[in-house]
Every structure is written in structure tokens, then in C-alpha cells.
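Line by line, the protein sequences give chains Y and U.
Just so you know, we're using our numbering here: the first sequence kicks off at 1 and counts up by one.
Just so you know, we're using our numbering here: the second sequence kicks off at 1 and counts up by one.
Don't take each hint at face value.
Identical copies go unnamed one by one, so any copy, or any two together, can satisfy a pair.
Below, in silico cross-link-like pairs of lysine to aspartate or glutamate (DMTMM-like), each with a Cα-Cα straight-line distance of 20 Å or less [to be verified]: (1) K68 / D166; (2) K47 / E20; (3) K23 / D91; (4) K67 / E50; (5) K177 / E141.
Bear in mind the hints are in silico, worked out from the structure with no lab data behind them.
The chain contents come next:
2 protein chains.
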Amino acid sequence: MDVKTLCLGILSRGDATGYEIRKQVAEGPFSHFFEAGYGSIYPALGKLLESGLVACREQSQDSRPDKKVYSISTNGRLALIDALSAPAAPDRVRSQFLFTTFFAHLLSARQVERLIAERLAWYCESVERMERCSETVCTAERPAGERFTHGLGLTVYKAAAQYLEDHGHELVAEALKLERMDAAD
Amino acid sequence: MDVKTLCLGILSRGDATGYEIRKQVAEGPFSHFFEAGYGSIYPALGKLLESGLVACREQSQDSRPDKKVYSISTNGRLALIDALSAPAAPDRVRSQFLFTTFFAHLLSARQVERLIAERLAWYCESVERMERCSETVCTAERPAGERFTHGLGLTVYKAAAQYLEDHGHELVAEALKLERMDAAD
DNA sequence: CTCTACATGTAATAAGTTACATGATTGC
DNA sequence: GCAATCATGTAACTTATTACATGTAGAG
Numbered sequence: 001m002d003v004k005t006l007c008l009g010i011l012s013r014g015d016a017t018g019y020e021i022r023k024q025v026a027e028g029p030f031s032h033f034f035e036a037g038y039g040s041i042y043p044a045l046g047k048l049l050e051s052g053l054v055a056c057r058e059q060s061q062d063s064r065p066d067k068k069v070y071s072i073s074t075n076g077r078l079a080l081i082d083a084l085s086a087p088a089a090p091d092r093v094r095s096q097f098l099f100t101t102f103f104a105h106l107l108s109a110r111q112v113e114r115l116i117a118e119r120l121a122w123y124c125e126s127v128e129r130m131e132r133c134s135e136t137v138c139t140a141e142r143p144a145g146e147r148f149t150h151g152l153g154l155t156v157y158k159a160a161a162q163y164l165e166d167h168g169h170e171l172v173a174e175a176l177k178l179e180r181m182d183a184a185d
Numbered sequence: 001m002d003v004k005t006l007c008l009g010i011l012s013r014g015d016a017t018g019y020e021i022r023k024q025v026a027e028g029p030f031s032h033f034f035e036a037g038y039g040s041i042y043p044a045l046g047k048l049l050e051s052g053l054v055a056c057r058e059q060s061q062d063s064r065p066d067k068k069v070y071s072i073s074t075n076g077r078l079a080l081i082d083a084l085s086a087p088a089a090p091d092r093v094r095s096q097f098l099f100t101t102f103f104a105h106l107l108s109a110r111q112v113e114r115l116i117a118e119r120l121a122w123y124c125e126s127v128e129r130m131e132r133c134s135e136t137v138c139t140a141e142r143p144a145g146e147r148f149t150h151g152l153g154l155t156v157y158k159a160a161a162q163y164l165e166d167h168g169h170e171l172v173a174e175a176l177k178l179e180r181m182d183a184a185d
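All chains, full assembly: derive it from the sequences and hints.
This is the structure we're talking about:
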């Protein structure tokens, strides 16, 4: 499941340019479980074009740069289904935040407090971002899978935010205690 | 936050061999937010040794292969704190599972059913794996950060598993409906 | 006049994965 | 006898990130 497959998936929902694909990954319904920048999307589209899994038509626009609109081919749809049918690979997660909280005792109380506050803000932003695309994903016309994936993301974010609100103070409390002990020495 | 920093973090809790580090990442308290295999851990330890952030003593054992026990140096501890103090980088998540569920309408009901069941099993395993190391992480002697990180991971897994139990059937129901429609054609 | 949005791409670099290579011991 | 655990490492490959490179138009 690489960026090529991601592009196939997005194109299976409708034609798009590289720019639009990137927007769907950054802000749209894929944002909570995939990341990709231009530097991986454009090369991926190039390879898909080479192997005939997508087609491309150039569109000149006035008062806008030309754009290349990609559309998925029949072979592309088959390749997508193949990729989806492959044995489930485990999710890849690497959390700088959790790594940092694990070693919170090495930071100052001020740092810990900021860490928690920033993360809470980030969860709020993420939830807002996701709710902004709820209207396009959570309608009856869209497949159930889209609603499901969206709902699972929201649920997880909300559970995590709640945990932070419930337990964040414990981290700060310990940091303050350690600082008092240091001061006593 | 790369594998080098991960090694520094783990070594800050006590000396370890490359093999033991890998075990902590695969099964220990780091398993839910970091991944690393031998192929990244050994080279990382090599680089840390070169730059003097860790020290290494060789230990021969009888009836076991020799091992290299690494320990963090003072500079290593400083480097770790530096890395922890760096501005929070967003978590990296790439979920094959969520990608697949998003496009569940392209799969057969059988495939969807298996997907959900396997994922639920995976969550159960993950929760069990994490609870197995609860005893070493969730004691009063360990820093609050370890308990916090552990608790957040468990909370998120449980919330996700609950969501699957609550909404997984919707996905299967749609798949069955699509199959009936196909059969009708 | 500055910032954001639109729009595409390449090159250099960094990072990590997979496969390869080896080998003893312990428990079933 | 076979699988699992302990134990270390390299080389080739794949992949993705970052920085570079360029340019228009509309909104404020």
C-alpha cells in the first residue's frame, strides 16, 4: 500500500490532478490515515501512467496554469482491487508525541504543559478538519466504507483527546514534583 | 525522531543489547507507537557508538553467542533531551486497514467479513500484548509518563475495537446488498 | 504589495525494509 | 528432529522527504 495505490484509490472516486490528490490527502477524507506530498504523488502518477493504470489529458486554462487531469483505467481498477485484496499489512505508526510523553520525566514542567496543550489543540484541529469533510463523505449516496473509515477516525481522535483531558494533569503534576525535588537539592 | 533517538530512549532506562532493544520495540512498552527491525537498530547503534552517544562492552557467554551490551553516555542523555525538546513533529500514520475499509465496496462480502474479523483479533492481541507489559510499566516506581503513554495506547485500541464491534456489520451489510444487486443483473 | 491558492515537476538525500549470511542451544 | 530463542551484522533495494525551480492571479 504505497502512494501509487493511494492515487489509484483517489482516482477511482473521480478524475483529479496531482494537486487535487494532494489536497485530498492533506485535508480530505484520507488525511487521518495517509500522508503524501507532491514529491511522492507526482512521481507515482508518472509511474502509473507508464504502466497504463491511469490515463492523462492535458487541460489548458486561462488565468491558471495548465493542468494534467488523470483518470483511472480498467487495468487500474483491477490493480486497485488486487491491492485491496492483498493480506492485511499492519498499520505503520510512529508517534513523536507518545515517545516524548514516555520520557516526560526528562523535561521541565513548562515543556510538559506545552506538549499536552499543543496536542490537545492538534486533536481539536483534526476533528474540525474531519468534520469539515463529513458532508461529502457521510451522505447516503457514498459507500458505507467511507462513513465507516471516517467514523473510526473521529472516534479514535475523540477518545485520545478525552484521555489527555483526563490524565494530562498527572504528567504535569509529576514534572512539578521533580522540579521541587531538584530545587531542594 | 528516528531509530537512533529510539535507541537512546531505551538505553536511558537501562543497558541493553541490540537484540533486547528490538524486543522492547516489538513486544514491550514501545510497540504501539514505534516500529524498528534489526536492519535499522544495529546500524543506528553503530552510528551512536561512532558519535560517542553510547558506549559498548562485549560480553562472552557460555552456551550463548557473545553479545554487545550498550549503555548511554552523558552526551547521549543530553542528545536525548535535545530530541525530546524539539518542536513536536506530527505523528506518522499509514493504515492499510483504513484504506481498505474506505474502498470496501470494491470487495466481496466474504473479504469484508474477514477484514473486520482479522482486525478485531489484531486489536485483542495488541491489548493483550500491552497488558502483558503493564506490570513493568504501570507501577508507582516508574515515571508517570510511562503509565500515561501506555494508558493512552490502550484507550485508543479499545475505542477502535468497540467501534468495529458497533459498526462493522454495516460494512458487511452493504457488501451483501451489493452482491445481491450484482446477482440480479 | 503581500499572501494564498493554483499548478507541476526534479534532484539530492535520508531513511528504512528485506533479504542474505551464520550458528549454538533449549525445549517439545 | 524441529521450531523457537538468542545474537549480530551487511548489502541491495525501495521509498519517501526536502529542497530546489518557476510562474500567474486574485483577495485583502
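* Against the structure, test the hints numbered earlier, and report the numbers of the ones violated in rising order. => 1
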